[in-house]
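Colleague: Make the full structure from the sequences, and use the hints.
Here the protein sequences come in this chain order: A and B.
Throughout the first sequence, residue numbering follows my numbering, covering 25 to 274 in sequence.
Throughout the second sequence, residue numbering follows my numbering, covering 3 to 668 in sequence.
Please keep in mind that the hints were generated in silico from the structure rather than gathered at the bench.
Where is the CB? At the ideal position from N, CA and C, for every residue including glycine.
Stretch-level coverage of chain A by chain B, calculated; a stretch enters the list once three of its residues show a Cβ under 8 Å from a Cβ in chain B:
id	region
1	127–140
2	200–213
In silico negatives: residues of chain A with every beta carbon more than 10 Å from chain B:
id	residue
3	G96
4	T242
5	A244
6	E246
7	V247
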Amino acid sequence: MNLTLKIWRQNGPEDKGRMEIYPVQDINPDMSFLEMMDVLNEQLIAEGKDPIAFDHDCREGICGMCSMFINGEAHGPGRRITTCQLHMRSFNDGDTIVVEPWRAAAFPVIKDLATDRSAFDRIQQAGGYVSVNTSGNTIDANAIPVPKTDADRAFDAATCIGCGACVATCKNSSAMLFVSAKVSQYALLPQGKVEAKERVRKMVNQMDIEGFGNCTNTGACEVECPVGISLENIARMNREYLSASLSSAE
Amino acid sequence: MKLNANIPSGPIGEKWGSHKSSIRLVSPANKRNIDVVVIGTGLAGSSAAASLAEMGYRVKAFCFQDSPRRAHSIAAQGGINAAKNYQNDGDSVFRLFYDTIKGGDYRSREANVYRLAEVSANIIDQCVAQGVPFARDYGGLLDNRSFGGVQVSRTFYAKGQTGQQLLLGAYSALNRQISKGNVKMYNRHEMMDVVVEDGKARGIIARNLTTGEIERHGAHAVLLCSGGYGNVFFLSTNAMGSNGSAAWKAHRRGAMFANPCFTQIHPTCIPQSGEYQSKLTLMSESLRNDGRIWVPKDKKDAEAIRTGKLKPTDLPEEKRDYYLERRYPAFGNLVPRDVASRAAKERCDEGFGVNATGQAVFLDFSSAIQRYGKTEATQLGISNPSKEKVIELGEKVVASKYGNLFEMYEKIKDINPYKSPMMIYPAVHYTMGGLWVDYNLMTNVPGLYALGEANFSDHGANRLGASALMQGLADGYFVAPYTVGDYLADEIRTGDIDINSEAFEKAEAEVVERIDKLINNNGTRSVDSFHRALGKIMWDKCGMARNAEGLKEAISEIKALREEFWSDVKVPGRKDMYNPELDKAGRVADFLELGELMCLDALTREESCGGHFREEFQTEEGEALRDDENFAFVSCWKYSGEPSKAELVKEELTFENVELKTRSYK
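Modeller: Written out as structure tokens, the structure reads:
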């Protein structure tokens, strides 16, 4: 396959940035998108040019590090995949492919396609945990049975990989899907219930501080989420938040 | 030089308990003045950093990824072992200990392994308390499954994403301590060197990967939780950034490297499809609970399948060779990884491979789909279900167990594994070798510790499935937080570490010099081209099967490649900004030394054990031939300027609680 790539280049957070055009030849349709980027970078290095910086690590769809906005979609065409799971067979010979970084005020560009997503870490630090110390004497793991449906739903929410596709996709750059996944996981489990109110308040507050936008229920985040986090979680978080706000202060 | 493993005296079941109660403590007031640096935020690093911070130490944690949550533990699929005996199938601490020692082909240290088995149950309790959503049955209790090399069901899991869920649990504990100010987190930072002063680890030199800035961090103890070095092979199931540099830097500063040649080649990975391939993807071992491995009995059929003339589903049962079930009836498809990998290689080398390259075997779920479908139909009260109904019901059950793995396979190969068997081939997955540590997980450099995959201690020559997660969390939650105190009790009068000392100055100058050398080298070849070349040498000559001649060749080839690297590598860009090529160059430079040491280790270990298979040492049936008389020791290597001139120090292994036997899974 021969392709034309239009890729966002930005030499640091202060640089204005621009699109640049790179032709690539003889791309194997079984390559992943990132392997195609490797080929391009090898080519650029050989030509004495600056290779394109992009985040990636596990290359099997679980670490959440890869983050390209391809042809106007987070992680490119195809559903329930990360960029590393996108294969070149999804494109046609002769295609022009536009590649941009995640674009959101809360995710400043570091270089080219790599962005700073530490805002997500700070939201988790605000309350995304159960306050239990390491002890070795917590109660036996089977002491509290958890209904299978609750455990399964908590698991589904907990599979969020923290990539930020939801934010990049949302016209408001809202992080509601991400935050609600964590809130839901804990709200559904007995271990998380103790701190549920405090948690949702703190996490939503931090989300606002970081400069993420509001949710207007368009649902684009759910469509683009590589692991299928459901919009239901946002509804659950809103309910949790409302009930936390209405109950008297602790 | 003599190594002291500091194993407590007494019967094996009492060692850890009595050691823990006699270990020295550091008072809360003193902990506030003690700095601990943790390198890596996978299961071992996150859990250690969180636990030490809870105890009151001042902790700094470092990861090269953009968030601690992305460490490669996240990708572990199948599960975590624990001797809970929830299934009432005869499991016990001793049995987990025994299985691990035997699975490791009697090349691990009894006392460490027993402790691992002892604390395993605590890990599950801890994780559940943190809100880790393990799989549960309809009664709301935790579910289990089986892994290779064992005959009980002791593996806890969260679909095929157990590592993710456990890591996010540890990450949440870490976040809690970060929010309290007890841990200072350094994302996108790489450890460049360990600073050793007066024989003790006193801190690290780190590089901020975003700005290129070089930083000094003083510490009273340094914990390396930096994972394994499987990426020395270029193609492996490790993440692209996984590297051996932190361990290698420690080795160069005097820490012994133990059993470097013990590499685990995982039997069930998606085969390589082309030269451009950047990594290999694992298909969890848990699939062998229900998947049956086969190749055609007849070479002609294999060839017809390779060329696409015959569909695997059209080959009748009697023409299939379920070679694991044939060779190892007692364990069948659930033999340990090293055995399964070698058996696949043997069939493919004989010409029975089933993909275009001839380097693949089938992993087939059709029997499981049938079996589950029939059971499900009975439970639903459907008498005489149609064939289609059985398949439909069976596929649902299989999807509930392995859904995400099947999806992952389909995304990569564009083949639906419910309808056509998966094609798999072994790939480098884990390194049992690592930094030598004593019972306290301290290397031979005082104050320098190694946890998780970065150390060597628990898995011998072969790791059992679902034991890596167990070891990472055992070390981080339940071992190091106690044992570190024993050393730090002597450090309460030290005061803050002076980062302007000569040792720090010198270490930093060396780091800067090396970076300058890389960035100004102006050669013609990319970093990746060297990494690929190294990987090929390692895979061909120090991979699934090794021999003396090949290993000797490999050593000289690696040496030559390393020289070429330093004269001809081309690293683009600048050192004072985000530059992933520069990061990679430093890691590959270290792999080019480590690879040589691995070959030397493989050459001197003149026996076959676990993942280390020397062609010269095998039985008539092609099974590994261990030599307990001459090789029941840990090979510990001391750096002496050149990897292949490293000095060998032996830690003899004594077995008081298990009898050394030929490992048989027949």
